[in-house]
Amino acid sequence: MLRNFMKRPEAGAFAAFVITYLFFALATPGTGFVSVNGTAGWLNLAAELGIVAIPVGLLMISGEFDLSIGSTVGASSMILALGTNQYGLPVWPMVFLALAAGAAIGLANGLAVVKTKLPSFIVTLATNFIVIGATMGISRLIANVTSSSIVASDSAKFVFAARWGQANISILWWLLVAFIGYRILSRSIFGNWIYATGGNLDAARGAGVPVQRVKISLFIATGLAAALVGILQGVQWNSGNATYGMGFVFQAPIVVVIGGVLLTGGYGSVTGIVLGTALFGVISSGIFYTGWNTDWIQLFLGLLLAAAVLANNYVRRLALSSK
Amino acid sequence: MLRNFMKRPEAGAFAAFVITYLFFALATPGTGFVSVNGTAGWLNLAAELGIVAIPVGLLMISGEFDLSIGSTVGASSMILALGTNQYGLPVWPMVFLALAAGAAIGLANGLAVVKTKLPSFIVTLATNFIVIGATMGISRLIANVTSSSIVASDSAKFVFAARWGQANISILWWLLVAFIGYRILSRSIFGNWIYATGGNLDAARGAGVPVQRVKISLFIATGLAAALVGILQGVQWNSGNATYGMGFVFQAPIVVVIGGVLLTGGYGSVTGIVLGTALFGVISSGIFYTGWNTDWIQLFLGLLLAAAVLANNYVRRLALSSK
Amino acid sequence: MSQPLMELRDVDKFFGSTKALKHVSMQVEPGKILCLLGDNGAGKSTLIKVLSGYHQPTSGTLMFEGRPTKFASPREARQRGIATVHQDVGSIPLMSVGRNFFLGAEPATGRWPFKSIDTRLANEVAVEQMQKFGLTRVTSGDQLVGTMSGGERQVLAIGRAMYFGAKMLILDEPTSALGVKEAAMVLKMMRIARQNGAGIVFITHNARHAMSVGDTFVVLIQGEVAASFKRGEKSREEVLNLMAGGEDMSELEDDLEQID
Amino acid sequence: MSQPLMELRDVDKFFGSTKALKHVSMQVEPGKILCLLGDNGAGKSTLIKVLSGYHQPTSGTLMFEGRPTKFASPREARQRGIATVHQDVGSIPLMSVGRNFFLGAEPATGRWPFKSIDTRLANEVAVEQMQKFGLTRVTSGDQLVGTMSGGERQVLAIGRAMYFGAKMLILDEPTSALGVKEAAMVLKMMRIARQNGAGIVFITHNARHAMSVGDTFVVLIQGEVAASFKRGEKSREEVLNLMAGGEDMSELEDDLEQID
Amino acid sequence: NEEGPILVVSGPLSWPFFAAVKKGFDDAAEIFEVDYQYIAVTDTSNMTSDYPRLLQQAISREPRMLLVGEFFPDGMDPLIKEATAAGIPVLIHNSGQTLWEGNGSIGFVGEDPYQMGYKAGQIQAEAGVTTGLCFNQVPGNPTVEERCNGYVAAMKEAGKETVYQTIGTGDATNPQAMTQAIKGSLQANPQIDGIYTLNAVPAMSALRAVDEVGRKGEIMVGTADLSNEALLAIKNGDLAFAMDQQPYLQGFMSIQIAHQYLNYGLHPIGHVKTGPLVIDSSNVEETLKVNKEHAGVRGAS
Ligand SMILES: Nc1ncnc2c1ncn2[C@@H]1O[C@H](COP(=O)(O)OP(=O)(O)OP(=O)(O)O)[C@@H](O)[C@H]1O
Ligand SMILES: Nc1ncnc2c1ncn2[C@@H]1O[C@H](COP(=O)(O)OP(=O)(O)OP(=O)(O)O)[C@@H](O)[C@H]1O
Ligand SMILES: [Mg+2]
Ligand SMILES: [Mg+2]
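In the order they appear, the protein sequences are chains D, S, X, V and L. So the first sequence is numbered by this note's numbering: it starts at 22 and just counts up by one. So the second sequence is numbered by this note's numbering: it starts at 22 and just counts up by one. So the third sequence is numbered by this note's numbering: it starts at 37 and just counts up by one. So the fourth sequence is numbered by this note's numbering: it starts at 37 and just counts up by one. So the fifth sequence is numbered by this note's numbering: it starts at 16 and just counts up by one.
Errors might be hidden in some of the hints.
[Claimed, not checked] Example chain L residues on the side facing chain S (calculated, C-beta under 7 Å, incomplete): (1) Val49; (2) Gln52; (3) Asp58; (4) Thr63; (5) Ser75.
Derived by calculation from the structure, the hints in this document are not laboratory data. Backbone N, C-alpha and C define an ideal beta-carbon position, used for all residues, glycine too.
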């Protein structure tokens, strides 16, 4: 049992998570980091990143990147804002419009990558510029603003911004996305194709895997997840903002790699991605509970990140050598 | 001749550069984009990015990333600023200290990547956080600011910030770095090892290439180049700032990939990187000469980038199919 | 003569200016083993990549079951009952034996939304099929393919093709990395598949293997069909010369015999 | 008996819990060809990776030229005159033939700071060496290795090892992807290298090839040395059985002969 | 227009603040029928060196007039001196209050970030805050940092404690991350009873954080810049104040002055202060009304 677990891609991330969590639990006595509210805090933080990290991770396992998630989050929140606030439209149709826009951006990315065979790093970078440029241009054209309020119905508020105590409903969304991601990657046939596409594209194609379909589907999933995060953030903060989500562009790949996914594709697990995200949430939230001088905040972040990844690596090696 | 050129990695970047340049030359009549001053403008812009893009490109050809260049640029400029302004030290020793710091950061990256076998994406990301955090923390500790003026001697001003008309001396530095990079990659034995290391690490190792030495050297070169850019920027703008260079972290890989280097390593050329950088300079500078509505500027940027990369790709395919 | 399973008519395949195949015409018949022979670089692998939908021919027609066909992808070919062992398009090192074996034709269990890939079945079948070839060290379908020896990987690919190659089986140098026992087993299994009515294309550089199972022989020299004959129509010597690209092998052979 | 060139004493190599080599002892003598035989997965490739500095032995001693030696890297082994053709550690597809050929031992021209790699020389020598083996299609040293056929790549690796293997030459299934002509040429070149005093380790699954050039034979079964004998000490039948991992091949052989 | 365009080098449009500045430029340009071009970075990660370079390029185009936000004085001031020496009329807006007279510019329209922070510190000190937290979401940006410096100085003068907090560079646009950061600080330093944020987005995060640690009403939150949500929060009594720089005025008046200077040689003597205008419960209603009717004029709607 234990041995088998140790060999899984997430073993390292799990060990790193436990160590980091214990570290903060001990370093922040009496500040409530381990309390229900403190836990809700870092879970809230991890949840939004986690929702987009999972499809980004699947995409990375299939061998591709998506740098356009940042602008998609912003665009989706602005669609909600412009629709409900400027045009006074009801919120639900706008939610679906935002999701459709996310899917369309993903589809465009996927088609462009698959048809032109250009590296997705560049294609999605161009998309990122185009989407944020279009969002800003259109917002300024329509409303003279790049950030605007969102008027949401109670039902929408419940679905996207309900809170129990301090825990946001986004945590449930995260779990849902993680569960779906897990079923797809580890259990479904499509998941086998994802691994194969990233592991050896030629071999996968030769074996009859529809590699183009795999990639396009994952780009669409990523676009959808980014749009969902835009909706969650927008409804929660009652406002759309074209720059929402910019940080995710690099945080998502980071937590995915921490979670044990190979940057070159072909290897990784959803559990690992979830743990990597949780680790990131614990670090970036917990660090403030320590009361350390925040002038050094990035130094601490870097050191903790390095320590976590080293622990991760050490466990993985240990696991491989003992089998 | 032409056929041989067409098959080179930089052929696409060259075509894309020419097309883009012509486009701007035609789209901005009478605005001086093609004048000496306009040319100096985009060359200045390209030069600093270009200096760090070349070692980053070599590193990418050898199969590794370096995300820590951003913080190294900032750290190097702050070393100059704190040394000359806060402590009133002469500028030249500070220049060497900054370069030494850059080399040390590179060495640390290289050793960490080679010894831990962790992906360089994560290792250098951690370094990036650590270096920027340390820079900000130390700066605020010493001077209570994260940016500070630089006092440079005339000789230092000449070497790092001389201007002829509007052309900066950084253009010469760029050419120098490009020349050295070209000699190393295309002509030297070490260059052969770079290609081999990135092309197939196991095969290179099996053939007797000292792959670890190759990687560490390239990390050091990258750190040095980043420090040089920090010095150039610092002396030129009379100030050090911990956040100088953050944009390079992703602009450098972008221009490198546009220049025809494979993201997965093993393929590329210095000429291509130079052209990719020039292309980027022309687009980001030329776009303001067009007088287009700034609201849409990022959209145009994205579209131009996409068009340039497509042209790039098209030429490359044409070249491969005609041989 | 029965209707051929697959037929190439005047097929060309160029890579840029490299003419890998020139005016190739040939027929694969059901229940027969066609040996594709030729020197290194003669175009054999390219030819089978055209047959299996991996490459599109530059010009010419491919007929499958009597109708002109264009396989848009290897997937399509596979779904029509053509299974291939490629020479250089290997397996996926970071995936398990079971998952590699069933890649592209995974067995499912359960119902939507709980339909899953049946890993237990996949692992069992994969190990069983590989052990048929005499491999004893591979006992778990969960082992990563990347940790297997060259021959073990080759057996995996062959076992897989034989398991799925209902109508047509294409094997590009399947025995080259195999031990004597495993190679003999592969030949034996090919004969069984032939009995079951599959059309088989077999590439090898081993004259002994070719002569022992081949029904018809097609020889490629520099991308062109240089000869095509039936079992027993040519002597071992003639075949060897053809396999060497038309050059006279007797001298070299003598050389070898000297010390044998 | 002259001093052995290389000697293994009680060498183990484990990967995690996989015991790929167990208590292996053997000697490579200068001017002799040692044939390393064994079934798939027997540990042959692992053994030569230990010999060539690619892997470190888990325990045991490696002696080179009479002294205990630890090769820290393949580079060190290479610099001491040991050249290897690995089975799975291939060439660099995106590099040219000439650059691949001289990788790790590049010829230089000019002086610092204008010292450059001598691509002209590298290309010439590479193409020349490959043509020695009878390849005619490879005429430019600038061609990318990725566009060559499987056999052409194999010839490149062999030509390279033969060119640099001053003292010791290790060949892991060098002939498996080769045409009859090229394979015969490789055997011929091995005999020439032997005459020049090199010690050669040769892995093959082809009994005919093994018997025709081998001086001594070492058989691995499940990672252990199961037999070790000199040319002529065992019959073809016995050797075949040993190559098949100790199992009796006569039945399978009969099977094959039936249709031959 | 005979002598080339009027060039404006100003802030990134992805910031709602500068969207309002540009709205002012646009409206005035239409009213006074002048042609101008707005130049700004598209990628905010390299601003410290990108802005001097953009300015340098703008100068090399020999504009009829230059309207510049002097965000990064070390690099930009020498260039402005070059431009004025070459006879290009320069008008500074937004940042550069202390420098415009020295570099030959004809005037300044805007506010002093230090003064704005100082004012915030004064308000909080007067309201009885004993330990104030200044939350900087964009560390390394010297202009924004000045606001915290002003806040800290005012609090210190009043004999109060301050905590300076920054966050990682990736989180500057993530309200959730800012909430958790502030929440952590509040837990680690329970004595904090005042928060000053430098933008309206972190202001909302600060309110959420205060709520989450269960100290709503005990901690006084004020912010620089405003948004519709911030105004509503002021109306609800959650947010104590928002300091408006009136960005629209910075753009509008710059064009107006430029137009009048180019045509009649007129310009204000002394700088024009557009901020800080303190918006609190006393004047929030009208501001909200304007914001509803004229989107983009008062900032984010
Ligand atoms: N993708 C490609 N691009 C360019 N040339 C190619 C490509 N694939 C094959 N070739 C060329 O086509 C010719 C035939 O190659 P092929 O792989 O079909 O030979 P083969 O008969 O299978 O040889 P071997 O027995 O060595 O495997 C070779 O000269 C090779 O260089
Ligand atoms: N890196 C590795 N990690 C784990 N197991 C390995 C590794 N390399 C080899 N093995 C195992 O060691 C055993 C011996 O492998 P090896 O490649 O030496 O066999 P071989 O004799 O060369 O076989 P073949 O004739 O098929 O090439 C195999 O069972 C293989 O699975
Ligand atoms: Mg072949
Ligand atoms: Mg082997």
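Results of checking the hints against the structure:
no.: 1; hint: Val49; result: violated, 14 Å
no.: 2; hint: Gln52; result: holds, 5 Å
no.: 3; hint: Asp58; result: holds, 5 Å
no.: 4; hint: Thr63; result: holds, 4 Å
no.: 5; hint: Ser75; result: holds, 4 Å
In summary, the structure is inconsistent with hint 1 from the numbered list given earlier, while agreeing with all the others.
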